[in-house]
Amino acid sequence: MKKTKEVSKPRLYIEELERPAVALTATTYAVGEEGGKFGWVTTLAIGEEASKGV
Amino acid sequence: MAHCLIVGPRADPHVARVSEEVGAIRGRVSIWDTESFPESETASLVDGRLVLAGKPIPASMTSVYLRATGPSPFSPRYEADLQSRPRGLFAQWEERLAFIASALLSMESQGVPVVNSPEVNSQHSRKPFQLELLRRAGLPVPRSLASNDPKAVKAFVKGVRDAVFKPLAGGATVRRVQKEDLSRERLAGLSLAPVLFQELLEGISVRVYVVGKRVVAAAEIHSTELDYRRDEGDVASTRLTIEERRAAVSAAAACDMRFSGVDLIRGSKGFHVLECNPSPMFAVFEEKTGLDVAGPLAKYLLNPGLR
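Sequences listed follow chains A and B, in order.
Per my numbering, the first sequence starts with residue 1, numbered consecutively.
Per my numbering, the second sequence starts with residue 1, numbered consecutively.
Just so you know, these hints were derived from the structure itself, not from any lab.
Keep in mind that the hints are not guaranteed to be accurate.
Some chain A residues close to chain B (C-beta under 7 Å, calculated; not the full set) [as the list claims (entries may be wrong)]:
| id | residue |
| --- | --- |
| 1 | L12 |
| 2 | Y13 |
| 3 | I14 |
The list that follows gives simulated cross-link-like pairs (lysine-lysine, BS3-like), each with its CA atoms no further than 25 Å apart [what the hints assert, rightly or not]:
| id | chain 1 | residue 1 | chain 2 | residue 2 |
| --- | --- | --- | --- | --- |
| 4 | B | K158 | B | K127 |
| 5 | B | K269 | B | K299 |
| 6 | B | K127 | B | K151 |
| 7 | A | K9 | B | K158 |
| 8 | B | K213 | B | K127 |
| 9 | B | K213 | A | K9 |
| 10 | B | K158 | B | K179 |
| 11 | B | K269 | B | K158 |
| 12 | A | K9 | B | K269 |
Since the structure is predicted, the reported quantities are computational estimates derived from the model, not experimental observations.
A virtual CB, placed ideally from N, CA and C, is assigned to each residue, including glycine.
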């Protein structure tokens, strides 16, 4: 039987950007306001600094 | 009575701190809760005038503080929508942002200072452009390469010897370039998106808050991590040199920011300016250092003509 070669999908160079939002935010909150730490939230939602969405 | 508008989630500690400080100096605050808009909070633009929850925002507003526009489609709140209706979700996000940005830009065009303007905020997700603004102002910035060209990346890293990489638009922390990051497999990832590479600068991170044309607080942030956002360690107030102070104020001005969190790095051969943040966090910074950022910001919001 002929083997088919699996082609893996390319991934972003910055793999952190590939992670699901939940994981990202878990990290974010761990180092963010809810974790009582410094709060340099990297989340895309309220982004460090915040108005990333604009 | 001086009256300012704060745009951001009502539950955000920065919104709460600024609101409290404005109240303490007998100013009036209105809050546009972007966490609830448009799901449960109404807003209208009536011939260029903003109306929030049925109440017109007066044209005589002294300023607007833009803290945050609300959750992006990548927020966990929208995880289910991201899976089931991604096109609708992204359209929803863009339409919401179009409304918020239009409202703020309209107010700005009517003469109301916005701290900071949506246009200025966009620098946060256009890092190479902001670096150019800083460079043109004569400020010391790290050598940088934004590229999707593997050859250019290899040559740059070889030239600077030690390098870091980060996203152009944000959303991930800074990483040191390791040998394996220059492999063909890793560099193939550049075919999906370009990346920002910079020379690695060793030193102590310093966060400087600038309000108007004045430094209001500065602290050293000690960390064992390359990117202190992963673990900031000790945070202690610091005295800036005259050159650092001038550079921080010049950096904020070069980026057209009325309020900025300027990141410096102090090395053995002087300092560099890394970035100007248009909506910097400061609540926990205040707690850790005892320094006051919200107070000077509140005063500025009620009287943006203040130096």
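Evaluation of the provided hints:
The beta carbon of L12 (chain A) is positioned within 7 Å of a beta carbon in chain B (closest approach about 5 Å), and the interface hint is therefore held. A distance limit of 7 Å between C-beta atoms decides the matter here; for Y13 (chain A) the minimum to chain B is near 3 Å, and the interface restraint holds. Interface restraint check for I14 (chain A): the shortest CB-CB distance to chain B comes to about 5 Å, inside 7 Å, so the restraint holds. Only pairs whose Cα atoms come within 25 Å are accepted, and K158 (chain B) paired with K127 (chain B) is accepted, the gap being roughly 22 Å.
Proximity of K269 (chain B) to K299 (chain B) is assessed by CA-CA distance (about 37 Å); at most 25 Å being required, the pair is judged violated. Between K127 (chain B) and K151 (chain B) the CA atoms are separated by roughly 22 Å; this keeps the pair inside 25 Å, and the hint holds. Taking the CA atoms of K9 (chain A) and K158 (chain B), the gap is about 29 Å. The hint is violated against a cut of 25 Å. A C-alpha spacing of about 22 Å is found between K213 (chain B) and K127 (chain B), which places the hinted pair at or below 25 Å, so the restraint holds.
At roughly 49 Å between alpha-carbon atoms, K213 (chain B) and K9 (chain A) are farther apart than 25 Å, so this suggested pair is violated. This hinted pair checks out: K158 (chain B) and K179 (chain B) have alpha carbons roughly 11 Å apart, not beyond 25 Å. For the proposed pair K269 (chain B) and K158 (chain B), the alpha carbon gap of about 21 Å is at most 25 Å, so the pair holds. This hinted pair does not check out: K9 (chain A) and K269 (chain B) have alpha carbons roughly 44 Å apart, beyond 25 Å.
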